[in-house]
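Protein chains in written order, with this note's numbering: chain A, 10 to 339; chain B, 4 to 354; chain C, 9 to 366.
Misleading hints may appear alongside valid ones.
[What the hints assert, rightly or not] To be clear about the criterion: a stretch of chain C counts as covered by chain A if any three or more of its residues have a C-beta under 8 Å from a C-beta of chain A, and this derived list gives those stretches:
id, segment
1, 115 to 127
2, 151 to 161
3, 225 to 233
If you're looking for bench data, these hints aren't it; they were derived computationally from the structure. Ideal placement from N, C-alpha and C gives every residue a C-beta, glycine not left out.
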Amino acid sequence: MKDLMKKLTEAYGPSGNEEQIRDLIRGEVEPLADEVRVDTLGNLIAVKKGSGGGKRVMLAAHMDEIGLIISYVDKKGFLRAQPIGGVDLTTLVGGRVVFSDGAIGVIAPEDRQGYRKEADLSKLYIDVGATSYEEAKHRLGQATGFVRPFADLGQRVVAKAFDDRIGCVVLIEALRTLRDTPHEVSFVFSVQEEVGLRGARTGAYGLDPEIGIAVDITPAADMPEAPKLAMVLGDGPCIKVKDSGMLAHPGVKDLLIDTAEANQIPYQLEVLDRGSTDAAVIQLARSGVPAGCVSIACRYYHTPSEMVDVADVENAVQLLTALLEQPIEL
Amino acid sequence: MTEEATVLLEQLSNAFGPSGNEDDIRRLLARTLSDKVDSLEADALGNLTAFKAGSGPEPRLKVMIDAHTDEIGLMVTRIEKNGLLGFRAVGGIDDRLLLAKRVVVGSSRLPGVILAPPVHLAKAEQRKNVIKIDQLAIDIGASSEDEAKKLVNIGDYAAFDTRFQVLSTSGLRTVTGKAFDDRAGCAVAALLAEEDYPVDLYLSFSAQEEVGLRGARVAAYRIEPDVAFALEGTVCDDMPKKVDTSPTTQLGKGPAITVMDRSFIADRRLVQLLRDTAEANGVPYQIKQPGVGGTDAGAIHLAKTGVPSVAVAVPCRYIHAPVSLLSLEDFDRLVALMKAALRALPEYWKV
Amino acid sequence: MDTVPLLTSLSEAPGVSGYEHQVREIVKAEFGRYADRVWTDTLGNVIALGQGTAPEPRLSIMLATHMDEIGLIVSDMEGGFLHFQMVGGYDDRVLIGQEVVVHGRQDLPGIIGSRPPHVLPAAERDKPILYDKLLIDVGRSPEELPDLVRVGDLVTMKASAIELKGGLLAGKALDNRVSVAAVAVCLEELTRVRHPWDVYAVATVQEEVGLKGAITSAYGLQPDLGIAIDVTWAKQPGTQDEYTFDLGGGPIIGLGPNFHPKLQKGLEDTARSLEMDYHLEASPRVGGTDAVAIQISREGIPTALIGIPLRNMHTPVESVSVKDVERVGRLLAAFITGLDEDYLNSLVWDLGLGDDDD
Numbered sequence: 010m011k012d013l014m015k016k017l018t019e020a021y022g023p024s025g026n027e028e029q030i031r032d033l034i035r036g037e038v039e040p041l042a043d044e045v046r047v048d049t050l051g052n053l054i055a056v057k058k059g060s061g062g063g064k065r066v067m068l069a070a071h072m073d074e075i076g077l078i079i080s081y082v083d084k085k086g087f088l089r090a091q092p093i094g095g096v097d098l099t100t101l102v103g104g105r106v107v108f109s110d111g112a113i114g115v116i117a118p119e120d121r122q123g124y125r126k127e128a129d130l131s132k133l134y135i136d137v138g139a140t141s142y143e144e145a146k147h148r149l150g151q152a153t154g155f156v157r158p159f160a161d162l163g164q165r166v167v168a169k170a171f172d173d174r175i176g177c178v179v180l181i182e183a184l185r186t187l188r189d190t191p192h193e194v195s196f197v198f199s200v201q202e203e204v205g206l207r208g209a210r211t212g213a214y215g216l217d218p219e220i221g222i223a224v225d226i227t228p229a230a231d232m233p234e235a236p237k238l239a240m241v242l243g244d245g246p247c248i249k250v251k252d253s254g255m256l257a258h259p260g261v262k263d264l265l266i267d268t269a270e271a272n273q274i275p276y277q278l279e280v281l282d283r284g285s286t287d288a289a290v291i292q293l294a295r296s297g298v299p300a301g302c303v304s305i306a307c308r309y310y311h312t313p314s315e316m317v318d319v320a321d322v323e324n325a326v327q328l329l330t331a332l333l334e335q336p337i338e339l
Numbered sequence: 004m005t006e007e008a009t010v011l012l013e014q015l016s017n018a019f020g021p022s023g024n025e026d027d028i029r030r031l032l033a034r035t036l037s038d039k040v041d042s043l044e045a046d047a048l049g050n051l052t053a054f055k056a057g058s059g060p061e062p063r064l065k066v067m068i069d070a071h072t073d074e075i076g077l078m079v080t081r082i083e084k085n086g087l088l089g090f091r092a093v094g095g096i097d098d099r100l101l102l103a104k105r106v107v108v109g110s111s112r113l114p115g116v117i118l119a120p121p122v123h124l125a126k127a128e129q130r131k132n133v134i135k136i137d138q139l140a141i142d143i144g145a146s147s148e149d150e151a152k153k154l155v156n157i158g159d160y161a162a163f164d165t166r167f168q169v170l171s172t173s174g175l176r177t178v179t180g181k182a183f184d185d186r187a188g189c190a191v192a193a194l195l196a197e198e199d200y201p202v203d204l205y206l207s208f209s210a211q212e213e214v215g216l217r218g219a220r221v222a223a224y225r226i227e228p229d230v231a232f233a234l235e236g237t238v239c240d241d242m243p244k245k246v247d248t249s250p251t252t253q254l255g256k257g258p259a260i261t262v263m264d265r266s267f268i269a270d271r272r273l274v275q276l277l278r279d280t281a282e283a284n285g286v287p288y289q290i291k292q293p294g295v296g297g298t299d300a301g302a303i304h305l306a307k308t309g310v311p312s313v314a315v316a317v318p319c320r321y322i323h324a325p326v327s328l329l330s331l332e333d334f335d336r337l338v339a340l341m342k343a344a345l346r347a348l349p350e351y352w353k354v
Numbered sequence: 009m010d011t012v013p014l015l016t017s018l019s020e021a022p023g024v025s026g027y028e029h030q031v032r033e034i035v036k037a038e039f040g041r042y043a044d045r046v047w048t049d050t051l052g053n054v055i056a057l058g059q060g061t062a063p064e065p066r067l068s069i070m071l072a073t074h075m076d077e078i079g080l081i082v083s084d085m086e087g088g089f090l091h092f093q094m095v096g097g098y099d100d101r102v103l104i105g106q107e108v109v110v111h112g113r114q115d116l117p118g119i120i121g122s123r124p125p126h127v128l129p130a131a132e133r134d135k136p137i138l139y140d141k142l143l144i145d146v147g148r149s150p151e152e153l154p155d156l157v158r159v160g161d162l163v164t165m166k167a168s169a170i171e172l173k174g175g176l177l178a179g180k181a182l183d184n185r186v187s188v189a190a191v192a193v194c195l196e197e198l199t200r201v202r203h204p205w206d207v208y209a210v211a212t213v214q215e216e217v218g219l220k221g222a223i224t225s226a227y228g229l230q231p232d233l234g235i236a237i238d239v240t241w242a243k244q245p246g247t248q249d250e251y252t253f254d255l256g257g258g259p260i261i262g263l264g265p266n267f268h269p270k271l272q273k274g275l276e277d278t279a280r281s282l283e284m285d286y287h288l289e290a291s292p293r294v295g296g297t298d299a300v301a302i303q304i305s306r307e308g309i310p311t312a313l314i315g316i317p318l319r320n321m322h323t324p325v326e327s328v329s330v331k332d333v334e335r336v337g338r339l340l341a342a343f344i345t346g347l348d349e350d351y352l353n354s355l356v357w358d359l360g361l362g363d364d365d366d
C-alpha cells in the first residue's frame, strides 16, 4: 500500500487539472471494477455492481490537490500566482512548484525580511529560470502543484497531497479487498473539491445515491500547541460527527460506529470547526442523501509535508469493506 | 459596429435594473429580439430566455449564452424625519464611490442626489475617513417624512443616474456609461441573434447575478445545455502602476477569456475553441488574470450533472462604479469572436 | 388554539441542527392533528399535506419553517471538563455563565464555566472570552466522564419558557419554533375552510447551518409557490432602527430580490383585507432564511418571507409577542384560501410585447 501512496501523492493534479492523477487511478481501478467512466466535470467513477438487493452507495475521495495558478508573467519572465484552494501561505517561501509538463519553479519573496511579518501571496513570485518574458509567457493560466517526495517513516508516512490522495488509496484498497456486497457501489474519485466541492456536487446529482460516504483527511491535534480537537494519529479512522460544512446523518454515523465496534476496528469521533468535505454536498443532492465521512487524521494538512498513520489507513479500509459487505439499514 | 448596435448598448446601459428589478432590461431585450428568435419566456426569477433553433442537422448542440441583466444598485431602507432617504447596497459597491453622486429612485425614476459634506465644514481629520453607507443619504427634495412617503417607499430601488456617452469615434472608439457589467454582455448576446448557427441557441438574460448568481443557476437547470458561454463586462485595471503587476485585462487588447476565476474553472476545450477561433479569424484576444472575480459560469457549470463552461468578456474600466468605460473595438471583436466560435463549435466538440 | 402551551413545549424541546428528533415528534403530532398526511423525508424534514379541493393536478404552496435550534457540540474532553464548538451562530459573549444540558448517554446538567473575577486581573475582565477558551462543567470526575459523554454529543441551553408581561413569551429556540407554532395555527384555520391549492407545511431541519432542509425538501416537493416563515429582529437598545420592528406590531413581509414582488403585494393585500397591522422589511442582501434556498430550487420558485419580530435572537432569552405568532398563522391561512387556479398567471413577468404569448 505504501507504493500506491507514493505513486498517487507524487502525481500532479491541482484542481481543474486532474488528468494525470485520474489516469493513474484509472489504471489501478480498471482491473477491479465492473464499469469505469468519467463524467462531465471529470470525476472518475468506478462501479462495483454487487449481488443485488442492496443500496446505491456513493463513496467519494477527491483526486485534486491544492496548488497555484499563474496569474501574470512580468517583463523579466518572473511569474505571479493566485491560489488554487486553501494554500497555507506560510509554507510557500523556498518551495518548489511543478507544472503539468514537469517544469519546476522556485517560490521566492520580494522582501525576505518583510515576509516574515505577514504572509501575502502578492509579495511572492515564481522563478522558472526564464531569461525573458518571451520564454515564460506561455505559463500564464497554467496550474502548478507542489513538489515533495513521499517519505516512509515506518508507522507514519509523509507526503504532499495526502489530502486527499490518501482517501483515494483507501477507496482503491477497499475496492481491491471487497469480497461480496449486496450494494451497487460507485467509487467516485472526484475533481475540484479544494475549490468548492464542485465535482462531488454534480457527481452526486448524477448518481442519485441512497447513501454517501466521503473519505478525506481531518486535522490531527496531537502536535505541540495544536488547537483543542479530539483527533489524533494512530487511534483509528475518524467517524465524522460534524465539520464546518456538514452534520453527518446520525444514521450513517451510527452505522459506521456499529460496524467498527462489531468488527473490533479502532475508531475516533470527529468534531471539526473549520473545513469540510465532499460529503457536505452529497448530502444536499436532489431531495437529500444520508451522508457521512470517514477521515484519516492528518498532521500539517495543506502543507507539502502531510503526515498520516499507516494503521489508521488500513483500519479505514477495513471499516469500509466491513460496512459494504453487510446490508445497510438506516 | 453598426449604428443599431451602439444604440442597443446605449439603451441597455441607460436602462434601470438593480438586482431583483430588471423589468426595463427584460422588456427592452424582448422588444429587440421578438422578431429575431423563435421564442421568448421569463421564469420565476425574472430570467429572460430567448431561444433560436439552429439551422444545422440534428442532433444539434444546445448552447447557453448567458449575460446578466441586473446592475449593482441601491435600496431605500429608511425615511428620515427630514425627508432624506437612508439606503443600502444591492450587490457589491465600494462605499467610497457613493459620495456626491446622482441617482434615480423608484418606479417613477425620481432624480436624487447622494449628499456629501462641504469641504469647508469638514474637519481635516474627518476628510481622512471613508463615510460608510449607513451614514449616507439620498435627497429627492422632500422636506419631511410625510412628503417623502408620498413619493417613495421603503424597499424602492435606486440606480446611478449616468447617461451613455461616446468619447471617441476612431482608434479605441471608447464610450462611457453605467452598468457595462453586464449590459455589454447583454448587447453582445442580443447581437448574436441576428445570424444563423448550426447550434440551438439559448440566450439567457439572467437576473440577480450580483446578489449570488441566482438567475443563471435556475436557468441552467431548466435549459440543460451541452455547453455554456458567459458573456461579461469585466475588470480592467490598466492604469499606470508603480510596480509591474497584472492589469487583469487591458483596454484595446480584445475580448478577455477566463481560464479560472473564483467561481469556476473553465472547460479547457472551450478555452481552446475561443483561442483557435480568434487566431483563425485574426481577432486579438487576451487571457484575463486567473483567480480574480466570478461570473454566472460559476453557477451554470454545476447545474445537474455539470455543464462545460467558459467566460469571455469585454474589458471595462471602473466596473461597479457609477460610470464605466469600454472600447467598442473590444466589443465588436467579442461579437465577431462569438459568432465565429458558434459556427465552429459542432466540429470542435465532435473531436 | 391556545398557543402558549404549544409554544412552551416547542421551545423547551431539544432539537439542535442535525439532531432534531425530539422536537420532530412534537411537530409531527401537532401538524398531524390538522393535516391529511404527515411524513418525514431523508434529512428529517417533517412534511404535512393539507389537501386542496381543486381537481388534480393541483397547484401547491410550500410553507417552510425551520425547527432546528442553534446549540453546542462536545469537541474534546480534558480533565473532567468538556471543550465545545458551536452548531449555528452564537455571539461568544452570551455563553459564559449559562446553564446547559449535555445530551450524552443521559441528559446531564452543566455550566459553561468561567474563572472567578476575584483572581483575574482587571484588564482581562474587559475582554470577552471566546468559545474555544470556555469549558462545560458537568460536575463529574475525569474517570466517570467517558461513560457518560462522548465527543460529538449535543448540548442545548437550559431554559424553560416563561411568560413576561405584555403578552410576551421568553425562552430558547423561539428562533424558529414560534414560526412552527404560527404554521400550526394556519393549518388549524385551514381545516375550517375550503382551499383549492395543496398546502405542504414543512418543518425544515438544519436551517441554522446552511438552509439544508429547505434545499432538499423544496427539490422533493417541487411546489409552485414558497413562503418561508422565520423570525426577524425586534427593536431593542443597541440596534439600528432600519433593521428592527416593534414586538406586537404584526407580521413582517420581506421585500427585495429574494422575494417575488407580486407575491409580496399579495400578502400585503391579504393583511389589509384582514385589517391586520403589518410592516415591510427591505432586504437588499439575499441571505439568512429558507426563502433563499427555495427561490432557486430547480427552475426557480416565486417565494416570499413572513417574519415574526423577536428580541435577543440566538440567546436563551429570545422574546416574542404571542399575538404576532397568531397573526402570522391567520395571515397565511387567509392568503392560501385566496389562491385560485389563475394565481400563477398573475405572477408572470410582463415582457411588454402586447398580445404576444411568449
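Now the hints, each set against the structure:
1. Under the rule that three or more residues need a Cβ within less than 8 Å of chain A, the assignment of the segment 115 to 127 of chain C is violated, with 0 such residues.
2. Counting residues of the segment 151 to 161 of chain C whose C-beta sits closer than 8 Å to any C-beta of chain A gives 3, which meets the bar of three, so the coverage hint holds.
3. Beta-carbon proximity to chain A at under 8 Å applies to 3 residues in the segment 225 to 233 of chain C; the threshold of 3 is reached and the given coverage holds.
The structure shown violates just one earlier hint, number 1.
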